[in-house]
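Student: Each chain is listed here by its residues.
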Amino acid sequence: MSRRRGRDNCPNLFYNIKRKGCESVQLFLQQVFNGIMIGSTYAIVALGLTLVFGILHVPNFAHGHLYMLGAYVTFFMMKLYGLSFWPALLISMLVLALIGVLVERIVFRPLINQAHITMFISAIGLLMLIENFVIVAWGPRAHRIQNPYPTIVRVFGITMTHQRIIVIAAAVILMVLLQLFIKKTIVGTTIEAVAQDREGALMMGISVNRVAGMTFAISSALAAAAASLVAPIFMISPTMGGLLVMKAMIIIILGGMGSIKGAILGGYILGLVEALGGGYLSAAYKDVFAFGLLIAVLAVKPTGLFGKEK
Amino acid sequence: MCNALLKVEDLTKQFGGLLAVNKVNFEVYEGEILAIIGPNGAGKTSIFNLISKLMPATSGSVHFLNENITGLKSYQVAARGITRTFQATSLFDQLRVVDNLAIGRRVRTRTRSWDAILHNSVWKKDKEETTLKVMMMLGFIGLQEKPFHFVSSLSQEEQKRLAIGVALMSDPKIILLDEPCGGINNDETEGITQLIRNIKEAGITVCLIEHKMRMVMGLADRIVVLNYGCKIAEGEPQEIRSNPTVIEAYLGGGNHC
Amino acid sequence: MDIKKILKEKWPYLFLLLVAFAVPVLVSSRYVFQVIVISVVWSVAALSLNLVLGYTGLASLAHAGFFGIGAYGVALLTRGGMSFWLALPLSALLATVVGLFIAMPALRTRESYFAISTLCFGVIIYIVAGNWLSLTGGHTGIIGIPRVTPIRLPFLTIEFTSLTSQYYLVLVLLLLTLFVMHRLVYSLQGLTFMSIRNNEVLAEAVGINAFSTKLLSFCIANFIVALAGGVYAPLMGSISPTVTMHILTFNWLVFTLLGGVATLAGPIIGAFAITVLIESLYFLGEYQLIIFGALLIVVIIYFPRGLMGIYDNLSLKAKDFYQQRRSGFKDVQRIAQSRGSD
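Protein chains in written order, with the working numbering: chain A, 2 to 311; chain B, 141 to 397; chain C, 277 to 618.
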């Protein structure tokens, strides 16, 4: 008997006996793959946010718009200067890192001793500024970035583009690099020190301001990377960051403010929940899962899953 | 024979590995001034926090007027008649002196939003009653010259007196004072001491934490001594003064629990 | 009730009231008139946000969601034939009940978490409004919302077809809101709200139930903003899920902050000032929102008490200057007293 593969690429063994079962497994795996890919994005964005929100205690609601700006810078570099994908992405990370430093200095540092809500509002002003700047510069419509790796690969019947695989791989690399940076380098350990005890760190001679600027730089660069990685897959638009930042906030609340592991884990969990929920339950209400999850958790544990009582 | 107004039974509080309060037992009798003393970190403020329900006890119970209040929330405890001041003076610093006092009375008023909107008889009665009580309290705590001042323009001692006044506004049966003389000079201490005597005279039981020994010895009817979370002595001032265990504790002595 | 005394002390407010009632006569441009009408609605929304945010200290970012529930409630009920005057309170009640469900989990969290929770709830309301096709018509929204049901009195019928009549309707709502807020804020209940904002631990230590107080201010604020949404629907004739978007909440937040948080005049001033500002910045075209965003950052950093704060500082400096000669303790007291009761 020759090996026969059905239209849906199911191996012969399954084809005749449990065709439906095979299809449903494939569907499931496809959703899982998509979920992991989206989850990678969420994880990176949440990582950046937890650095700033959890460690510096700055509710940077404009994080999603910095993310969006990162995608646009990459787009700009590729379109105007004809750069290829990776150099554009690196430049975007650099540019956003610089912008992050500026943002910390101008928008948030003056309000560091006031109630959190003032920084929240300042972030809202920043978000409006960025969104409308982008609209003025590139128009309100969505743009497309050329996919540098459009090749499709089929594994067990799951459709994957190279770009999507790269997103996952790049995310992992970034997370590893960040973890090494925080644990091994001097700058990284000072960030941790400030996170644990701002005043103590000050007294030890650590320049808290410098650390704040650095943290913002890393946070923004990460956002830029995440946005640029997925930009070729989805389109870029001025509003692409709005909902994302709320999801990122949910992730870090669930995972614990300031917890890097929590942000990563939470990002992947959310990605999977959304992909599976959107695939099996309701695509339209996909976004509600994130918010519903948050409410459910907060109802039980008001300080978040891994949060600590202050 | 005086009745035990407040009874603390085997009260224990554990923070992770640290036993901040360790099976403490004592009673506060109606009309007395009971002082809780002990070296720093002995668990004095923790006891107040446990009684006033700022934090839950690990085990043990608190009884007030023969009612077990261990499970209540802090605002319920206050409504029952136990109010307090805080070691780090805690006031409503965005509001004026009269507002601070008025809020202290709030629990005894019946005005709801509806009454406030309609300006009905309930609202009127509460308004008059509160105003009268505030004026009276201003005189009692000696701040009649500064009714409309904001908290930030008061001196440290005036703030302490205001905090005491706020706690007195709801006609409590017992008031817990956490270091009412903290950070003030000797003259001012005398003023507060007299205030506390006046409180006793008004029929309110006082339980206070203090470090200023001379003041405590001259003011308190009975003293409870804590060290490392345990009660190590209890009795009248002259007994405590000469108690070797107490002296050893203050000199940095060992854990006698 | 001494009429002479009221006239002497409160004449600026009476003057403003007169101007407010004379607006349809004073304003000739229909476009400006429409902007004013909308600003009045936004004032009501901002005032209610101020109650929960400015006075009680709760960052409720779901506010637009309740506005939307009020709007959708009235839209659906009146399209189904119900009288506006019944649909309005019913919708506001619905919004309050939904608010209760949201408050239960959300109020157990603190500060930033509460802001985020309420924000998320608001987004959920937006998503539901956009996707519950059978009820809300999805993203196309609801059209053909009937005008406000005429009031039939024995001797005349008040209709709400003209812009002028609609203006007076929203003006009455604003005045009612101001009245309720004023009575609330300058009462023991208002003090209670402020005590929670200032020092929740101490408030509980003197016997105030923080949870129920916060819940109360939340519910009152939601009821009022739902009323605003309820009059907005027949005003516009059609609504879409955008009336529930958090962007609206942010706008009201800016109005309140710019005008002066925890004041009664602030949100109203803010609503009008910003609307005027945006319209006058129109010549900047696409740049207006960029400047708006930048302005927001500048204001929150350098003028946190908003326009009312600037006004307060100026008037205090003026009063101090004139009082310098007549020093006496009584005058200082009077100044402090009048400042406190503003």
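Derived from the structure by calculation, the hints contain no laboratory data. Remember, it's a predicted structure, so these values are computed and weren't measured experimentally. Take these hints with a grain of salt, some might be off.
[To be verified] Derived lysine-lysine pairs resembling DSS-like cross-links, with alpha carbons at most 27 Å apart:
#	chain 1	residue 1	chain 2	residue 2
1	A	K287	A	K262
2	C	K280	B	K286
3	B	K147	C	K284
4	B	K264	C	K286
5	B	K313	B	K352
6	B	K352	B	K213
7	C	K595	C	K281
8	B	K340	B	K313
9	B	K264	B	K147
10	C	K595	C	K280
11	B	K147	B	K163
12	B	K340	B	K147
13	B	K264	C	K595
14	C	K593	B	K267
15	A	K302	B	K213
16	C	K593	C	K286
17	B	K264	B	K340
18	B	K340	B	K286
19	B	K147	B	K213
20	B	K265	C	K281
21	B	K264	C	K281
22	B	K264	C	K280
23	C	K286	B	K267
24	C	K281	B	K267
25	B	K352	B	K340
26	B	K313	B	K273
27	B	K147	B	K352
28	A	K287	A	K302
29	B	K163	B	K286
30	C	K281	C	K593
31	C	K593	B	K264
32	A	K262	A	K184
33	B	K265	B	K286
34	C	K284	C	K593
35	A	K302	A	K262
36	B	K267	B	K313
Student: Just pull the numbers of the violated hints for me, sorted ascending.
Tutor: Structure breaks hints 2, 3, 6, 9, 13, 14, 17, 29, 31.
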